[in-house]
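Visitor: Residues in the first sequence are numbered consecutively from 404, following my numbering.
Mixed in with the good hints there might be a few duds.
Pairs of lysine-lysine residues, derived as DSS-like cross-links and limited to a Cα-Cα distance of at most 27 Å, are as follows [said to hold, decoys possible]:
hint	residue 1	residue 2
1	LYS752	LYS674
2	LYS523	LYS674
3	LYS752	LYS703
4	LYS752	LYS557
I should point out that these hints are in silico values taken from the structure, not numbers from a laboratory. Predicted model only: the values in this text are computed from it and were never measured.
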Amino acid sequence: MIRHQIEKLIAEAIRAAQEAGEIPAAGAPEPLVERPQRPEHGDYASSLPLRLARAAGMNPLELARVIAGRVPTGGAIAAVDTAPPGFINVRLSPEWLASQVDEIVQQREAFGDVALGEGKRLQVEFVSANPVGPIHVGNGRGLALGDTLARVLKAAGFEIQREYLVNDAGTQTETFAATLYARYQQLFGREAEIPEGGYPGEYMIEIAEQLKQDRGDSLLRSPGEPYPPELHDLGVARMVDGIKGDLAAIGVEYDNWFSERSLYKDGTYEKAMALLRERGCIAQREGAVWFVSSSLGEEKDNVLVRSTGQPTYFASDISYHYDKFLLRGFDRVVDVWGADHQGHVPRMKAAIAALGVDPDNLTIIIYQLVTLKRGAETVRLSKRAGEIITLREVIDEVGADAVRFNFVARAADSHMDFDLELAKRQSQENPVYYVQYAHARIAGILAQASDRIEDWSAGDLSLLAHEAELALIRKMLRLPELVEAIAISLEPHQLPYYAVELATAFHDFYEKCRVLSDDEALSMARLKLVSAAQLVLARTLSLMGMSAPERM
RNA sequence: GCCCCCGUAGCUCAACGGACAGAGCAUCUGCCUUCUAAGCAGAGGGUUGCAGGUUCGAGUCCUGCCGGGGGCACCA
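Please construct the entire structure, taking both the sequences and the accompanying hints into account.
Guide: Shown next, in the form of structure tokens:
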């Protein structure tokens, strides 16, 4: 990656200048180079002299000149300049830029990949909504974040597993089952009330009807008796199928569906608790079992097992992470949680550490909750209250690509408003179409070209010298840098912004440079360029899980 | 009360401690006999919530205040 090469050259220039005694020895802070906002500042810039000036006891501009003078030009680098108050500006050579089109065309779908993960096994767990209702709009954010992260991390060289934790062991699915049983009984003409805190949604009736179809009245018990355990399991299985369908509608596929209950069945829970006990992190008090996180710097202790003998969600989650790290041996785990779980983060980290796992190997991404609006009115989301706005409904209205684009475009810690009316109204004016249109336009050009020119692989790239052509190439070359940056920061919202910039660069080129013309040599060079642009657009879209249409 | 997050253009949001704070939507003005006008060119629109501080340099870091969201259970 050219960026790394430039960083290396600057680091070497500093070292050489220090050895020559031109500047005093001092450590160089990272990062070495950045992308300047203004094109006149070159392709890469370094503000290192400004930060080094004090320690070196030198004028920053003078320092910049000394360092810049030791960076060799030629090849990829056309010029290394300095600018007040102490910047070093590096400019890439147009010839080199043009030649990179071949690199992209050769790498094809692999362009954008970077070797960062080194095949380390990394799990991304996201959504994991309780299987008591369909996926709603609010979950869309975690979904877009998690899936996009998984895609980017894979491109960055990690071995990725997407996991969904099915909470099938808690009180929520019991209430769910009780509700389902009530609906089921109603289908046989029995008087049955939905329990307190149950789920009044229509979908429960549908599941009950399916059960009746498949099982007839075999799940019915004498009046007053509780529902059979089988009904719980069948209901949850149905719900999980429904959730899988919701997720498929937006193009998300998990590698693993992990049953919370399996932790209790196969002894994982016991093993995790035994390990905590061994480490002296457990106390018995007031009839309950506590995790003594206060001794680990936490504000207070937390209950693991209630006085009723029921383990808490916290205990369950500890054994779940015990399973991830110690049993399945993931090198890193990324959990994507909504802000309503934010308070759970420090104690989870403490618990991980108590299990002997480096807490840095667990990254918990907290995304702020989505405020759903219908115009000026705020819509309250609740599975228990009447109104649920399902993700499916929004996808049907706005389209899966636009939904994904909108959710992933917001930084996780920004509080976002999702206006249903606006989303529908803007679905035709959505930036996602702007990006896809660029891809479709290229497909149109390539289709026409194939009538006239059979093979443009011999196109002479040195003919690409127009500003718009070079600007497009510059944008394309940023993709690997972006993949690397996102794999480190875990902030995928950069991707949609990049996609728009890339499309802008193409549309601008399209206005200024005609691809198919009488000049056959130039046509061939430009066909190569747009083929490359199409590859990069498609890759960018695919990193966000969006389609790249050939025609619009 | 304590903890976490946010406050940037009319709206929705970007901005790796760096150079003149940027996009989309909305508003206004132009551009289709030539590869897709779902496009392009241009205009207006900002005291980055307020007040201090650190720094060569602050939307970004620190302190206080104001406003909003979330959390502080033997819920998940």
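Visitor: Confirm or reject each hint.
Guide: Here's how the hints hold up against the structure:
1. Distance check on the hinted pair: LYS752 and LYS674 sit about 19 Å apart at the alpha-carbon level, within 27 Å; holds.
2. For the suggested pair LYS523 and LYS674, the alpha carbons sit about 26 Å apart, so the restraint of at most 27 Å is met.
3. Our distance criterion of 27 Å between C-alpha atoms is met by LYS752 and LYS703, whose separation comes to about 14 Å.
4. Between LYS752 and LYS557 the alpha-carbon distance is near 25 Å, which keeps this suggested pair within the 27 Å criterion.
The structure shown violates none of the earlier numbered hints.
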